[in-house]
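Peer 1: Since chain A is already given, all that's left is putting chain B on it; use the hints.
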Amino acid sequence: MAKKKGCLGCSFPVAIVVVLVILAIGVVSLLSGAFGSSLFGDLGLPEWLSVSVPHPELPAATIFHIGSIPITNTMITAWITIIVLVAFFYFGTRNMKLIPGRYQMIIESVIGYILGLCQDIAGEKYGRKFFAIVATIFLFVITNAWISLIPGIGSIIVHTAEGEAELFRGVNTDINFPLALALVSFVFVEYWGIKTLGIKYFTKFLNTRKLTSSICKLFKGDIKGGLSGIFYGIIDIFIGLIELLSELMRIISFTFRLFGNMTGGEILMLMMVFLAPFLLAIPFYGLELLVGFIQALVFSSLTLVFANIAVNPAHAEE
Amino acid sequence: MEGLGIHLSSLIAQVFNFGLLLLLLYMFAYKPVIKMLDQRAAKIKESVDQTEQIKQQAELAEKETARIIAEASKEGQKIIEQATQIGEETKQKAKQDAKLEAERIIAKAKLEIERERDDAIGELRNAFADLTVMAAGKVINRSLDKEQHRQLIDKVLEESNVLSKN
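For the record, the sequence lines run as chains A and B. For the first sequence, the numbering used here assigns the number 64 to the initial residue and increments by one for each residue that follows. For the second sequence, the numbering used here assigns the number 855 to the initial residue and increments by one for each residue that follows.
If we strip away everything but chain A, and leave its shape as in the complex, we get (with noise of 0.2 Å):
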């Protein structure tokens, strides 16, 4: 291999008018943003250069109406994502081969990824029933997310009847998509707990069996063995109550977890954008799309964690 010259691939002068570009980008970013005119007042540049202060909107904005229903824009860009996944996957299951070309390879590693964790989480049998739930909250979460990301998505701006709005908004920052995900997830976990366990599942929520059985005990004669019978029973129902708290809670917990991470990446770039427009962004753009992965790996495998606790017994009764 011939050594190369230059720095960064290119020969030097490139290299430093690069260097130099950057340089000046960067200078006019943070004078022109908000750190420029705080710190400096009005250089009287260019109007177009200056980003005004973000009003970030918890609620998302509805565009139109169909029949009585809203439609907002967080819906539509929720349709968006709909047809990107289902195109992707749609061109490249229409002919696979057993020996599969680089796009198949691509939807296969993805698939066969989530299979594997399924599959490690569940084991064998659990892991392919689980797949399909599992698989369309982790996709479903990631492709928000990362379309959310693609530069200028948040920039087209319509007039609705309520004023203007964003005709795109990532869906993963509007509270009812996290809610209605955390809503699915929690009725697939009962169902399967209900479906392998039948009614013993709901033993673990009403732990009755001690406090029975130590009061038979106490008609029966036993005084002492029956009361701290009937005590730890107690304890056991206790126990359930928190269990079934901690059940409904995770609706909760899915819900914010998902709704916090990325309603507040969303502001922390707009604030970036409004501090310094250029440059300043990029690497929050990194840590935005590792945050996207996260979030959908955390949720879908919390979802499939907790799936898996429910179709297992939970504890072995003595």
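It should be emphasised that the hints constitute simulated quantities derived from the structure, not laboratory data. The model shown is predicted, which means the values in this text are computed figures rather than measured ones. Careful, some of the hints might be misleading.
Claimed, not checked - Listed below are the simulated DSBU-like cross-link pairs for lysine-lysine, each with C-alpha atoms no more than 30 Å apart in a straight line:
(1) Lys-899/B <-> Lys-160/A
(2) Lys-160/A <-> Lys-909/B
(3) Lys-192/A <-> Lys-889/B
(4) Lys-267/A <-> Lys-280/A
(5) Lys-897/B <-> Lys-160/A
To be verified - Just a sample of chain B residues kept apart from chain A, beta carbon distances all over 12 Å, derived:
(6) Ile-866
(7) Thr-919
(8) Lys-947
For each residue, glycine too, the CB sits at the ideal point set by N, CA and C.
Peer 2: Chain B alone, transformed into the frame defined by chain A:
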């Protein structure tokens, strides 16, 4: 709730979206891809098994070949030994036969010679006797009874022992 933007209709729509995506992905992604992955795994397993089998067969064949070669070599060795032995035997027998034949011929020749000699002696004797009788007859000029003469001569010859038999 209003501040966060939770709306029942949006919530239901998002659940519906999720269900729709689940259905579509199941149809276009999960089912075909998992089928393909399973198919490939089965295929790979099959070919690995086949390879193993072929390897075993080859090993077996190799062993068999080695065995056959060893056997053939042993067999060949045996045949050579046998041939050598037979050759040796044949040689011995031929020698023996030749010797016997020679002995027989020699014996026969000896016998013939003896017989020839006897014949010759007999003939000579007869001739000699006739000659003697004739000579004697001439000398004494009288003819003797032939039979008497012969006896006489024979007697003389016996006594003289000159041309005795054996």
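Peer 1: Decide, hint by hint, whether the structure agrees.
Peer 2: Hint by hint, here is what the structure shows:
Between Lys-899/B and Lys-160/A the alpha-carbon distance is near 17 Å, which keeps this suggested pair within the 30 Å criterion. Restraint check for Lys-160/A and Lys-909/B: the C-alpha separation of about 29 Å stays at or below 30 Å, so the hint holds. Pair hint Lys-192/A plus Lys-889/B holds up; C-alpha atoms about 14 Å apart against a cutoff of 30 Å. The hinted pair formed by Lys-267/A and Lys-280/A meets the criterion: a straight-line CA distance of about 23 Å does not exceed 30 Å.
A threshold of 30 Å between alpha carbons decides the hint, and for Lys-897/B with Lys-160/A the separation of about 13 Å falls inside it, so the pair holds. Against the 12 Å criterion, Ile-866/B falls within the reach of chain A, whose nearest CB is about 8 Å from its own CB. A cut-off of 12 Å between C-beta atoms confirms that Thr-919/B is not in contact with chain A; the least separation is 36 Å. Its beta-carbon lying about 76 Å from the closest one in chain A, Lys-947/B satisfies the requirement of being farther than 12 Å from that chain.
When the structure is compared with the earlier hints, a violation turns up for hint 6 alone.
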